[in-house]
Every structure is written in structure tokens, then in C-alpha cells.
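Please construct the entire structure, taking both the sequences and the accompanying hints into account.
Chains A and B, in that order, are what the protein sequence lines are.
The opening position of the first sequence corresponds to residue 12 in my numbering, with each subsequent residue numbered one higher.
The opening position of the second sequence corresponds to residue 104 in my numbering, with each subsequent residue numbered one higher.
Honestly, the hints are just simulated from the structure, not real lab data.
Using N, Cα and C, we set each Cβ at its ideal position, and we do this for glycine too.
Pulled from the structure, derived: some chain B residues nowhere near chain A, Cβ distances all over 12 Å:
#1 150
#2 159
#3 181
Simulated pairs of lysine-lysine, BS3-like, Cα-Cα distance not exceeding 27 Å:
#4 B:142 x A:333
#5 B:142 x A:314
#6 B:184 x A:314
#7 A:21 x A:380
#8 A:21 x A:71
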Amino acid sequence: MSLLETLKQKPGALVACDDDPEAVFELMCSKGWSDGLPVIPPTAERVERMLAYCDRDLDKPVLNIPPRFGAATPVRIAANAVMAGCKPEHFPLVLLALEALADEQYNLYGTQATTHPCTPMLVFNGPAAREAGLNAGQNVMGNYFRANAVIGRAVRLALVNIGAAIPGTGDMATTGTPAKFTFCVAENEEQSPWDPLHVELGFPLESSAVTVIAAEGPHNVNDHESLNAEGILTMVAGTMTITGSNNPYYPGQPLLAFGPEHAATVANDGMSKADVRQWLFEHATMPLSRFSKDTIERRFRRKLAAQYADAPLDAPVRMFAKPEDLVIIVTGGAGKHSQYVPTFGNTRAATRVLKRADGTLAKSLNDFKRS
Amino acid sequence: MGQVFLVVPDAPIEQAVQLNANRTIGESGIRLGILDNTKGNADHLLNMIIEGVKKEFKVDSVVMTRKAASSRPAAEDILDKLAKEADLVVSAMAD
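What follows is the structure, encoded as C-alpha cells:
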């Protein structure tokens, strides 16, 4: 039986619409099923083609997405992936990202509903990222590259449509961030002087993985002049030490995305990722006096009294609680720029490796193809 | 113009089992539960609510609880305590 015939038997699973792209877009917007941009109509036929790369039970929820705790079945997720413009072979990575977001330590409930402008940053590693066509080079956090655009968009649409992260009711972000449209990158493993993130976390090099971080938009680190590691890291530390970030108050896992040229300069001075973390832990600090008088009194002295009740105004405020909390990747193309990504704070990064339904590591996106 | 059938991309609200609260408020008054979500000024707001309830109703006891973090659900032991020791619970956030 076709998906169309199956869904016709489920009340509320289908909606009829004039067969016209503008009519479909109007319907989607009127129902609140949109990110404000035009979508591909999620016809049953297209959703069925999307599910050709899904080896899961199509009606079994992968997760329940807060704040509505809507059941995210592969069928519903596939409808959102179609709308976003995904190819069927992108679908395993959309599912993988949502599975990672379900990790309790990520705190999807809090990050969906907060006033803070955070959104899931998706960092993909391994061969599946290359197979899907994810960009890891020039303009990696920008526009133009389909896989980066549509995989991140599909996840956001699922969060809105299935989870009801609707601005003003379920998503209480004061301003939000343009990164909510999509924030999806691959690590530039070929040009990284260090182990890629998933290997550092203990997964095999040949595996594929996603790491999700509740991220603000990226903050640029422009450094065209520094010729050694200390110089580059001094500029990074300057960009990290901002009073408006959540991270001085809440333990979190901010991310540092080195551009390959900055990474090479740092690594050529003999620094490992652990060395970078330790250096920034010690140097990415600012004195308590940088904060407003009220913030010092109300936030630091009262809410963080154990640490700051009697601290002098020159006491150092750190941007992360422990050196190992800083997530480091290498991504992007030629040029002397890196990116610092602060986080929501009450959240931890979550990583999931790409596996088939039977639990074995997937070697290729084709492993998910239904026979 | 023809019509197409689109797969609905949202999910319905799961129908929770409807439980009627079996309150047996005694002659000694309401056992009032308070859940502070830790947001700034939530404690002040809740104290004002407690005083307001006490002016309007007979209050037997007040059980104060506080979440570990505003962005996380209340822990099970807190919910158990409130279920056991309160007839009704006021939860509030402020900033």
C-alpha cells in the first residue's frame, strides 16, 4: 500500500490543497507550518521518496519534541525534510541530528523555549558528511550550499512544526538569531592539523557523527597579523570575553571554529587542542568590573555567591567552567578568520554516531536505502 | 485546478489522561504548594501570592520548593513532595 493510501486512513494526517506552489505556500503559512520562506510541497509521493533512505519504523517516534512534546515519527520528519528541500539521501542526517537533540543533557526543552537566541548548531564529521555534499570549506557558515542549508532547515522546521517552537508561544526568544534558519556545518577534516571532533570524542575515524550545540550565531575572529599561536589565541580570547554572553554565568560548552589557516599557525607552534583549551581557560577572562554595577550585585554577588560574594572587582570571570568544556573544530576555507560560538549555558553538547536500525555503524548513506 | 494531498508536518497534542484532583481540603485550610523556578524575582512574586492567598483563604500550611534551574523540569522528588504535601501548587516565573 502506498504512503498516500495509508495516510488517507489516518484522520488528520493529510490536508488537501490546490496544486499550485503559491497556494501551498499560503496554506503552510496560514497553518503556521513554515519558517517564512517558500517550501517544497510535502506531497505523500515526495514524503515516500524521502523515506526511501530510512530504515526505521515509520510510525515509531524518534523523539518527542518539546514544548508540545509532539511525536516526531519518521513520516512527520520526512514531511519537514521535503519542505526544507532535502534530497532523500540527506534524510539519515536529519534524523541523526534530531536523535542527538533528544539527549537529555542538550536540554531541548529549555533551549526551545528560552528568551535566549540559541539554536541547534549541527557539526557533522566523517564520510557521510562528504557523501551528503556538506560544505566544510569557503563560506561554510554562510549561504549557497544546499546540504548545509536544507539539513539545518529541516531540523528547524521539525522543531517548529512538531515541537511547536512557535515564536511568542513556544519559542520565547526575545530577538532570536538568523542562525535559526539553518546552522549546519561539516568539519574540514582534510585541512585540520588535529583529530576531527568525532575521533577526539572516541568514535572511529571511518564513522560519521553529528555534534549538536545550543548556539548563538557565530562571532568573528579576524586576525591577519599574528604570526604565532599566542597571537592568534590572544585575539580569540578577546572575542570570547564579552559581557552579553550567557557563558560567564552558566556552565556550558561554547565552540571555537578555527579557520584552517589560524589552526595551522597554532598547530605549527606545537599546540594540541588540549593546549589551546588550557591557554584559553587561563587567558579568556575579564575582570568582574567589566560588568554593570547591578549585574555584579544581582547576578554575581547573589546568584553566584559561592564564587563571587566577596570577590574583588579585578577577580577574573571565565567564559567556561573547565578547560575540557570548550569544543574545538576546524572548518571553513582560505583566509584569516575563525569563529567563536557562545552557548545558551544550561546545556551540554551531544554527539551521535550514524548507525543503522540494527545498531551497527553505517558506512554510507546508502546503508539506509530501503530495498 | 487539480488538488494535491499534503502530509501534515505537525504533530497533535498528545491526549493526556484526564485526572480529576481528589482534593479533600480539611477544616484547617489549604495546604499550599509553591514551586519557584529560580528566575530573578520569582521568589518575591511568589511571596506576594502567598500573602494574597492567606488574606482570601484559610491556609493550613505552605510547602516551598525550588527547581535546580529555570530551564530544566522540576526533579521527581520535588514533584512527589508537592503531590504529597500540597492541595494546590502555584508555580511562577519572573525576571
